[in-house]
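Number of protein chains: 2
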Amino acid sequence: MAAPRRPPKSSASAETDTPAMILVEPQLGENIGMAARAMLNNALADLRLVSPVQGWPNDQATKTSSGAEVVLENVRVFHSTAAAIADLSHVYATTARDRDLTKPVLSPRAAAAEMHKIIAQGGRPGVLFGREAWGLDNDDVTLADAVISVPLNPTFSSINLAQAVLLIGYEWYQAGDDTPQSGMRLAKKTRPANKAELIGMFEHLERELDACGFLRPPEKRPAMVRNIRNMFQRAGMTEQEVRTMRGIISGLIRRHQRKQD
Amino acid sequence: MAAPRRPPKSSASAETDTPAMILVEPQLGENIGMAARAMLNNALADLRLVSPVQGWPNDQATKTSSGAEVVLENVRVFHSTAAAIADLSHVYATTARDRDLTKPVLSPRAAAAEMHKIIAQGGRPGVLFGREAWGLDNDDVTLADAVISVPLNPTFSSINLAQAVLLIGYEWYQAGDDTPQSGMRLAKKTRPANKAELIGMFEHLERELDACGFLRPPEKRPAMVRNIRNMFQRAGMTEQEVRTMRGIISGLIRRHQRKQD
Numbered sequence: 001m002a003a004p005r006r007p008p009k010s011s012a013s014a015e016t017d018t019p020a021m022i023l024v025e026p027q028l029g030e031n032i033g034m035a036a037r038a039m040l041n042n043a044l045a046d047l048r049l050v051s052p053v054q055g056w057p058n059d060q061a062t063k064t065s066s067g068a069e070v071v072l073e074n075v076r077v078f079h080s081t082a083a084a085i086a087d088l089s090h091v092y093a094t095t096a097r098d099r100d101l102t103k104p105v106l107s108p109r110a111a112a113a114e115m116h117k118i119i120a121q122g123g124r125p126g127v128l129f130g131r132e133a134w135g136l137d138n139d140d141v142t143l144a145d146a147v148i149s150v151p152l153n154p155t156f157s158s159i160n161l162a163q164a165v166l167l168i169g170y171e172w173y174q175a176g177d178d179t180p181q182s183g184m185r186l187a188k189k190t191r192p193a194n195k196a197e198l199i200g201m202f203e204h205l206e207r208e209l210d211a212c213g214f215l216r217p218p219e220k221r222p223a224m225v226r227n228i229r230n231m232f233q234r235a236g237m238t239e240q241e242v243r244t245m246r247g248i249i250s251g252l253i254r255r256h257q258r259k260q261d
Numbered sequence: 001m002a003a004p005r006r007p008p009k010s011s012a013s014a015e016t017d018t019p020a021m022i023l024v025e026p027q028l029g030e031n032i033g034m035a036a037r038a039m040l041n042n043a044l045a046d047l048r049l050v051s052p053v054q055g056w057p058n059d060q061a062t063k064t065s066s067g068a069e070v071v072l073e074n075v076r077v078f079h080s081t082a083a084a085i086a087d088l089s090h091v092y093a094t095t096a097r098d099r100d101l102t103k104p105v106l107s108p109r110a111a112a113a114e115m116h117k118i119i120a121q122g123g124r125p126g127v128l129f130g131r132e133a134w135g136l137d138n139d140d141v142t143l144a145d146a147v148i149s150v151p152l153n154p155t156f157s158s159i160n161l162a163q164a165v166l167l168i169g170y171e172w173y174q175a176g177d178d179t180p181q182s183g184m185r186l187a188k189k190t191r192p193a194n195k196a197e198l199i200g201m202f203e204h205l206e207r208e209l210d211a212c213g214f215l216r217p218p219e220k221r222p223a224m225v226r227n228i229r230n231m232f233q234r235a236g237m238t239e240q241e242v243r244t245m246r247g248i249i250s251g252l253i254r255r256h257q258r259k260q261d
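Chains A and B are the protein sequences, given in the same order.
Counted the way this note's numbering counts, the first sequence spans residues 1 to 261.
Counted the way this note's numbering counts, the second sequence spans residues 1 to 261.
Keep in mind the hints are simulated off the structure, nothing from the lab.
All the given hints hold, so there is nothing to weed out.
Treat identical chains as interchangeable: a pair holds within one or across any two.
Straight-line distance between alpha carbons at most 25 Å, and here's what the computed SDA-like set of lysine to any residue pairs gives:
no.	residue 1	residue 2
1	K195	L252
2	K117	G236
3	K117	T179
4	K63	A133
5	K188	T155
6	K63	L28
7	K117	T142
8	K189	L101
9	K195	G183
10	K188	A146
11	K63	E132
12	K117	S107
13	K63	E30
14	K188	P104
15	K117	M184
16	K188	E241
17	K220	I199
18	K117	A175
19	K195	R234
20	K195	D210
Kindly produce the complete structure, drawing on both the sequences and the hints.
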């Protein structure tokens, strides 16, 4: 049995219920392809380019998209940022540097939560990413409703364009994802041991440890038993593992008995 | 005034209070460099390699690290996964595929929280990443205490090695980061308007709108005033913007008055 899995989510063609990612004057096709891959990893499909420096389509982009062609095939190219965001209701600008502009500033996590709410209310959000070398112009930032700033090591905060897209997409996907944050992944054909099986194993072990004199002196026995039980308890054993452990106990005894013979 | 900033965190040389990132048989130096960059973005410094396929050091790694040489200079190379994790107390294996092994499975977010706790208790955590083409061997996964599985689009979940390092590092950094999730970034040399300034502007505007007959008929005036005030209220204006707005009101009146002359 595998860990609980979320049912498949919005397909890549469902573009109206996911935020648009808008790359402004991206310089390298390679980064566009990697951004497309990062988008599809996070079930995002609406990629827009403003005046890509190497033109469009771009072979390098196809190569680095690692199979995310569905995103590249639906790319729309615009001649201005204003045209690229015309149909959107809420626009975020990703910036690393401080700008001399008064704007709300959000972490990717807060922006992701907000974008889910905006879509639930019938709005259309999008995120602007600047060119690799110098980011967004102040004119582009001004067009945005808010700024997204990724909290990173302040002494080394520059990230690659595709990595910025990945982090925004990742937070978007996590905010809509209901996979439990933790759990137990089980091997196939087994199940967690029940308490009767576990206690049966404890008693088997303690019987043999009494027999070989390990649980002495008697006044220390209760604490020793508690510690041993606790250790195995913590291991969260499966039914198969309990049987294996009982086999180990029996096997060790047989070896010991043979030596004594 | 910029948005609140966190004080600089643990430097890259403080290796004992951050998790180790262990790349098992990485195939491309390029990916090692990008992983180093992603680590330093997130204030991680302890990079270990198990039998890198192209040997070590590697020029491509230096090139793609984009200045994260401090991480590359401190890389340690090992001949086995067991040797690479010998000094660690808790090891996580990143896997995309389901394995036929019973293990706790955590999201990157849950693992990050757990790793912070482990370090606070004096433990040393580390995360194993498999080779680009096929991930970790089951033998390597078996050495780990738990599995980290990134919740991603189930129909397109394969991510690049450096991107996997980025997502784990990002969650690690976010878990220890106290930057507010949202706030207002202010332009320099200004401050939020106080209510006297804002209400002064409202009254100025309403006086002029009364004068030009905009706020009619009288029975609709209260609702119109409320809606206009609310719109400006929502804008969260600075003291400078209030002055600018009052200038706009006066300017428009002067233009109107000139036309009437």
